[in-house]
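Those protein sequences? They're chains G and W, same order as listed. Its first residue numbered 1, the first sequence is counted upward by one per residue in our numbering. Its first residue numbered 1, the second sequence is counted upward by one per residue in our numbering.
If you are wondering where the hints come from, they were derived from the structure by calculation, not from laboratory data. Misleading hints may appear alongside valid ones.
[Claimed, not checked] For lysine-lysine, the following BS3-like pairs were computed, each having C-alpha atoms within a straight-line distance of at most 30 Å:
{"hint": "1", "chain 1": "W", "residue 1": "K9", "chain 2": "G", "residue 2": "K12"}
{"hint": "2", "chain 1": "G", "residue 1": "K42", "chain 2": "G", "residue 2": "K2"}
{"hint": "3", "chain 1": "G", "residue 1": "K42", "chain 2": "W", "residue 2": "K9"}
{"hint": "4", "chain 1": "W", "residue 1": "K9", "chain 2": "W", "residue 2": "K115"}
{"hint": "5", "chain 1": "G", "residue 1": "K12", "chain 2": "G", "residue 2": "K42"}
{"hint": "6", "chain 1": "W", "residue 1": "K115", "chain 2": "G", "residue 2": "K12"}
{"hint": "7", "chain 1": "W", "residue 1": "K147", "chain 2": "W", "residue 2": "K115"}
{"hint": "8", "chain 1": "G", "residue 1": "K42", "chain 2": "W", "residue 2": "K147"}
[To be verified] Computed beta-carbon distance windows for the label pairs:
{"hint": "9", "chain 1": "G", "residue 1": "E54", "chain 2": "W", "residue 2": "P16", "range": "50 to 58 Å"}
{"hint": "10", "chain 1": "G", "residue 1": "A58", "chain 2": "W", "residue 2": "E179", "range": "38 to 46 Å"}
{"hint": "11", "chain 1": "W", "residue 1": "E199", "chain 2": "G", "residue 2": "E45", "range": "45 to 53 Å"}
{"hint": "12", "chain 1": "G", "residue 1": "A58", "chain 2": "W", "residue 2": "K115", "range": "17 to 25 Å"}
{"hint": "13", "chain 1": "G", "residue 1": "T77", "chain 2": "W", "residue 2": "R157", "range": "48 to 56 Å"}
{"hint": "14", "chain 1": "W", "residue 1": "I117", "chain 2": "G", "residue 2": "L30", "range": "27 to 35 Å"}
{"hint": "15", "chain 1": "W", "residue 1": "G167", "chain 2": "G", "residue 2": "P28", "range": "22 to 30 Å"}
{"hint": "16", "chain 1": "W", "residue 1": "L114", "chain 2": "G", "residue 2": "E45", "range": "55 to 63 Å"}
{"hint": "17", "chain 1": "G", "residue 1": "T77", "chain 2": "W", "residue 2": "G6", "range": "55 to 63 Å"}
{"hint": "18", "chain 1": "G", "residue 1": "H43", "chain 2": "W", "residue 2": "P216", "range": "28 to 36 Å"}
{"hint": "19", "chain 1": "W", "residue 1": "P73", "chain 2": "G", "residue 2": "G31", "range": "21 to 29 Å"}
[As the list claims (entries may be wrong)] Quick look at which bits of chain G chain W covers, simulated, 3 or more residues with Cβ under 8 Å:
{"hint": "20", "stretch": "25–39"}
{"hint": "21", "stretch": "54–62"}
Every residue gets a Cβ at the ideal spot worked out from N, C-alpha and C, and that includes glycine.
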Amino acid sequence: MKARVSLDIMLKQGILDPQGTTVERNLPSLGFEGVSGVRIGKHIEVEVEAPSREEVAARVEEMARRFLSNPVIEDFTYRIENGSA
Amino acid sequence: MARYDGRVKIGVVQFPGSNDERDAVWAIERLGGSAELLWHGDRDLRGADAVILPGGFSYGDYLRCGAIARFAPVMAEVEEFARSGGPVLGICNGFQVLCEAGLLPGALARNGGLKFICRPQPIRVENPSTVFTRRTARGRVLTIPIKHGEGRYITDRATLATMEARGQVVFRYCTPSGEVSAAGNPNGSLDGIAGVCNEAGNVLGMMPHPEHAVDPAVGAGSADGALVLGSLIESLAGARA
């Protein structure tokens, strides 16, 4: 099967995200009051060819852990968008 | 590798996007060592006594700084060399590569103020007993240029405590008078950390550029970088004698 997978990679909670902070600080100047918790990360899409959905998940987790994210400072989440056989 | 003279030989890795490798070669030669560029695609250190990973923007710094360079063929050799005790110095982008490769603890994130910072920077020597700092002294303030956008050192508190106990924090950013404080910290690094080494002390990563401060006639007017590179050359010469 060939699956399309989306990954989101974010700085770990508690690590200063200066981009998010800067955007948050500037939202009120455009009239967007009451916005907080702004965080900025990366979105990555990949297509993975593997025998099963489980295998797709295993490969995505490994590539995310070893390459697409840096586990020292980042967390990742992913979702398999489709998985037609 | 045949040696044509008695000088120590330092290999300087050239990745696509490196831009300080020639300054590093020039600085090493000026300080009495010999230096040779090593190509990122070759699995060969050409008999180098030590390796420098230079500054720049390897592979465009795509994904994360150093994230792609760590998979370069030459890095397999650098990792083996480092793990067998060979001295490896990562400067700026080279520091980022060493962290990504797992040869040094921690990671380097976007500067706290988001700006790319390029200026002479005082740093304080915290550990003068490495092969890279033996010509310095504890507490000595060196002025060495920094030029980076992603130099905010981060690690978790438990790792930091272990590193402190083992003397792995080698340099800290400071004020000109040597005070480690928010005022002396240009990029928001944890505890002002500017350079760290591995547990064995043979791998050092630092954001400031010693190769840009070996001649008082240029740049910041400081030759303090010569103390770092000179320490390495002296250590290698001593090890060979």
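Confirm or reject the claim that T77(G) and G6(W) have a C-beta distance inside 55 to 63 Å. Hint holds: Cβ distance 57 Å, inside 55 to 63 Å.
Compare the distance between the alpha carbons of K9(W) and K12(G) with 30 Å, and conclude whether the hinted pair is satisfied. 41 Å, violated
Holds or violated: are the alpha carbons of K12(G) and K42(G) at most 30 Å from each other? Holds, at about 13 Å.
Is K9(W) close enough to K115(W), meaning Cα to Cα at most 30 Å? Since the Cα atoms of K9(W) and K115(W) sit roughly 36 Å apart, the hinted pair is violated (cutoff 30 Å).
Is the Cα-Cα distance between K42(G) and K9(W) 30 Å or less? Distance of about 41 Å is beyond 30 Å: violated.
Does the Cβ distance between I117(W) and L30(G) fall inside 27 to 35 Å? Since I117(W) and L30(G) have Cβ atoms about 28 Å apart, the given range 27 to 35 Å holds.
Pair hint K42(G) and K2(G), alpha-carbon separation not exceeding 30 Å: 23 Å, holds
Between the stretch 54–62 of chain G and chain W, see if three or more residues pass the 8 Å beta-carbon test, and mark the coverage as holds or violated. violated (count 0)
Does the structure keep K115(W) and K12(G) at a Cα separation of 30 Å or less? 21 Å, holds
Taking 48 to 56 Å as the hint, is the beta-carbon distance of T77(G) and R157(W) inside that range? Given a distance of about 25 Å, which is not inside 48 to 56 Å, the answer is violated.
Please work out if K147(W) and K115(W) have their alpha carbons no farther apart than 30 Å. Holds - the C-alpha atoms of K115(W) and K147(W) are around 10 Å apart, at most 30 Å.
Range hint 45 to 53 Å (beta carbons of E199(W) and E45(G)) holds or violated: Hint violated: Cβ distance 39 Å, outside 45 to 53 Å.
When the structure is compared with the earlier hints, violations turn up for hints 1, 3, 4, 9, 10, 11, 12, 13, 15, 16, 18, 19, 20, 21 and for no others.
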